[in-house]
Every structure is written in C-alpha cells, then in structure tokens.
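Turn these sequences into a full structure, and let the hints steer you where they fit.
Heads up: the sequence lines are chains E and W, in that order. Each residue of the first sequence is one higher than the last, beginning at 1 in our numbering. Each residue of the second sequence is one higher than the last, beginning at 1 in our numbering.
One thing to keep in mind: the hints can contain errors.
[Claimed, not checked] Partial selection, computed: residues in chain E whose CB lies under 8 Å from chain W:
| id | residue |
| --- | --- |
| 1 | MET1 |
| 2 | ALA9 |
| 3 | HIS10 |
| 4 | CYS14 |
| 5 | LYS20 |
| 6 | GLY22 |
| 7 | GLU85 |
| 8 | CYS86 |
| 9 | MET117 |
| 10 | LEU119 |
| 11 | ALA140 |
[Said to hold, decoys possible] Footprint (simulated), chain W over chain E, 3 or more residues, beta carbon under 8 Å:
| id | stretch |
| --- | --- |
| 12 | 48-58 |
| 13 | 110-116 |
| 14 | 126-138 |
The set of hints was computed from the structure by calculation and includes no laboratory data. Cβ atoms here follow ideal geometry from the backbone N, Cα and C, with glycine treated the same way.
This is what each chain is made of:
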Amino acid sequence: MKLNERSVAHYATCNSPPDKTGFLFKKGERNTAYHRRWCILKGNMLFYFEERESREPIGVIVLEGCTVELCESESEEFAFAIKFECAKARVYKMAAENQAAMESWVKALSRASFDYMRLVVKELERQLEEVQEEARSSQAKSKTKKNQTGLRISSASVQSASITGPCQEGLSNRENGVSWSKPSSVANGLSEGCAWDRDCNVRADGVKPPPIPPRRKTNGGSLESPVSPGTGCFSKLHDWYGKEVAELRVEWLQSQ
Amino acid sequence: MRFNEKELVFLSRQPTQRAAELGMRGPKKGDVVKKRFVKLIVNFLFYFRTDEDEPIGALLLEQCRVEREDLQVFSIVFLDEAERKYLFECDSQEQCAEWIDAIIKASYEFMRKNLVYYRTEIHRLTGKDPLEQYGISDETRFQVNSALPPLPPPPPPT
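In structure tokens form, the structure reads like this:
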C-alpha cells in the first residue's frame with residue numbers, strides 16, 4: 001500500500017511541537033535485539049530515528065487503535081508493548097531507560113489516538129456551549145440592570161496596543177483582564193450572537209480590531225482554521241491568534 | 001521509511017461516514033483522473049479501486065492544504081511539496097464543499113488547536129480549567145502554550 005511517506009516524514013520533523021520525545025529501546029523484527037532509537041510522538045504517530053540528530057526517521061508506527069501494555073522481557077527492564085487488534089499484527093516491544101520514563105511513555109502512547117483527542121475536543125465544545133448558554137441567559141436576566149461592573153473591556157487603548165502592547169494583564173483569566181477579548185462576547189452578552197457557529201457582529205464599541213498578528217509558521221495550511229468548525233468569524237480567529245501571540249510574548253519576556 | 005502497513009490496512013476497513021467514489025488524479029505529471037473509492041478515517045485518506053478490499057494507498061492529512069480548484073473539484077497539497085497536487089473530482093458542488101470541510105477537520109493538529117481554544121475560552125469565562133476534572137490537565141498534547149521558541153521582540157513602534 002502506498003503512503004505519502006515524504007510528507008509523513010516531514011510531519012515528524014516540522015516545527016509543530018511533538019507530544020513526547022526521548023530514547024527508547026525498540027526490539028527489531030528480524031534482528032531481535034533491542035536497538036536504541038530516538039523517538040518522537042506526534043499526534044497518533046510514533047516516529048523512530050537512528051540518532052537524535054538524524055534528519056529522517058527510520059520508520060513510524062501509526063498508533064490508531066493500539067493498546068499499550070507493560071510486559072515482561074527476558075533481556076530488558078521497563079519493557080512495554082504496543083499491540084493492535086488486527087490479525088497477525090506485529091507486537092512492537094519497547095523498553096524505556098527507567099521506571100519513570102516507562103510510565104510516562106505508556107501513558108502518552110495509550111492516549112495518542114485521534115479518537116481520544118476528538119472525544120476530548122467534543123466534550124470541551126459541549127462545555128463551552130453550555131457556559132455560553134448560561135452566560136446568555138444570565139445576561140438576559142440582568143439586561144435591565146445598568147452594567148456598572150466594567151465587564152465591558154476598555155477599548156481603544158487595549159486594542160490599539162496590538163501585539164506590541166503590554167501583556168501583563170493579558171494572561172489573567174478574569175474576563176476584564178484579558179486584553180484580547182472582544183467586549184461583544186462578554187459585556188453585551190453572548191445574546192448578541194458572537195456565538196459558536198454564527199458570525200460575529202460588529203464590535204459593540206465600534207473600535208476597529210488591530211491588524212492581523214503574524215501567522216505562526218507552524219500552522220499548516222491557510223485553510224486550517226484554528227477555531228471552531230464552521231467559524232467564519234474572522235474577528236474570533238483574529239482574537240484567538242492574538243491571544244496566543246500575547247501569551248508567547250509574555251513567556252519570552254519572563255524568560256529574559 | 002518503514003510503517004505498520006498491516007495495521008493501516010486494518011484501519012482502512014473501519015466504518016466511516018465520509019466515503020465516496022470520486023475522480024482522483026495523482027500529483028505526478030502524466031497522472032490521469034481515475035475513479036477511486038475514497039475513505040476518510042481519522043487523519044488518513046484511503047483510496048481504493050472500486051470493489052477492492054485493500055486500499056491502493058493512504059494519505060496522512062497533516063501539514064496539508066485543501067483548496068477548491070473548481071466548482072466540483074478540490075485539491076490536497078502537502079506543505080513540504082507544494083507543487084504536487086492531488087486532485088479530487090466530486091459529483092456536485094455540495095459534495096465538494098463537504099469533503100473540503102471534512103478533510104480540513106481531519107487533522108490531529110486542527111483538533112489540537114480547537115481544544116486549546118475551547119480550553120482557554122472556558123477558563124476565561126469560568127475561571128476553571130475544564131480538563132482538571134478529568135485529571136488530564138498536564139498532558140502535553142493539551143497544553144495551551146506549546147513548546148515553540150518564543151517570538152522575537154516586536155519591532156519598535158514607528
């Protein structure tokens with residue numbers, strides 16, 4: 001069966017962050033000795049390289065549908081096995097360098113499936129809808145009250161600050177403190193319809209959103225929207241990127 | 001590069017909601033459109049000769065771009081080889097739009113970004129990390145700040 005191998009190998013080494021990396025001993029198929037391999041777990045793929053510096057992986061194990069078990073090995077301590085359902089599937093025997101590494105790898109590999117990620121995403125999507133729904137209904141109740149609490153995020157100064165602006169408050173998760181949050185999704189309530197899969201309205205305070213932050217080069221193709229499926233809401237996308245950029249900046253600033 | 005072909009073939013046999021007969025053209029010069037049974041399963045696109053059990057091939061859908069080429073035609077291009085296009089001809093505009101949407105979303109990295117967004121948003125609105133109740137807040141794959149190198153400082157304002 002053909003596979004777009006070059007691109008798969010590229011996925012291994014491109015600069016999207018891996019989920020786990022480290023040395024593992026991998027039992028060979030024909031040569032049944034354990035060979036030390038540099039391993040990169042990304043998504044549902046476990047790549048293995050001859051050396052840490054190798055540019056191309058020797059191979060990849062697609063982990064979808066696998067189970068990971070601890071196992072006894074005559075020669076290796078800290079051994080575990082990657083097993084598959086299909087008939088006559090190869091059992092991939094691996095060994096870590098110590099107990100902690102073994103446990104960490106077993107945990108990471110057993111949850112590496114696309115299905116698992118999808119499950120968690122769906123759950124969070126549902127939770128967010130619930131939270132937004134609650135906010136909508138409580139906003140509706142309190143609509144008659146004058147909003148004195150300043151939920152409305154101060155506009156121009158924050159927005160025009162853009163990426164270069166101070167971000168110290170940006171990481172606070174209180175609604176008021178998040179620099180990038182659009183007032184319409186908080187102050188005016190989600191009743192205004194900047195809801196999940198609907199287009200955002202014009203901002204309540206009429207301030208223009210700041211210019212688009214530079215795209216992170218790691219983010220695949222231009223059509224891969226980072227936001228909810230179906231969100232054609234550019235300002236939401238923009239805010240999301242903006243937040244991400246702001247957080248990365250704070251990290252950088254703090255590391256100085 | 002070695003890969004676990006048997007397991008991948010097994011995966012290609014799993015049920016899926018997104019499968020259809022499409023016209024498919026490979027990326028090489030001289031490749032022509034051929035009728036293929038195309039199946040989307042997790043982040044793989046499998047393609048079969050009609051009525052055959054075993055797929056001819058599989059495309060891992062990470063680091064790729066999907067674009068509409070025509071009313072009923074879309075393409076997949078992999079970022080490391082952007083000149084090579086895989087073309088798919090659909091029966092209708094609607095089918096074409098559905099496939100494009102499905103393929104964009106069939107990427108682990110796409111889901112990861114969504115998750116990060118939802119997690120951050122829920123935390124922002126409620127003050128709580130939604131993953132905590134499941135005991136999975138620390139899993140690397142769910143981290144909000146990925147391990148990328150920090151951005152260079154912004155240019156001074158003009």
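Consistency of the hints with the structure:
1. MET1: With a closest approach of 6 Å, the MET1(E) hint holds.
2. ALA9: OK, holds: ALA9(E) within 8 Å of chain W, min 6 Å.
3. HIS10: holds, 4 Å
4. CYS14: holds, 6 Å
5. LYS20: At 6 Å from the nearest chain W Cβ, LYS20(E) passes the 8 Å test, so the hint holds.
6. GLY22: Interface hint status for GLY22(E): violated (12 Å vs cutoff 8 Å).
7. GLU85: Holds. Min distance 7 Å.
8. CYS86: holds, 3 Å
9. MET117: Result: holds, 5 Å to nearest chain W Cβ.
10. LEU119: violated, 10 Å
11. ALA140: violated, 16 Å
12. 48-58: Satisfied; 3 residues make the cut.
13. 110-116: Three-residue rule met by the stretch 110-116 of chain E, so holds; n is 5.
14. 126-138: It holds: at least three residues are needed, and the stretch 126-138 of chain E offers 5 whose Cβ sits within less than 8 Å of chain W.
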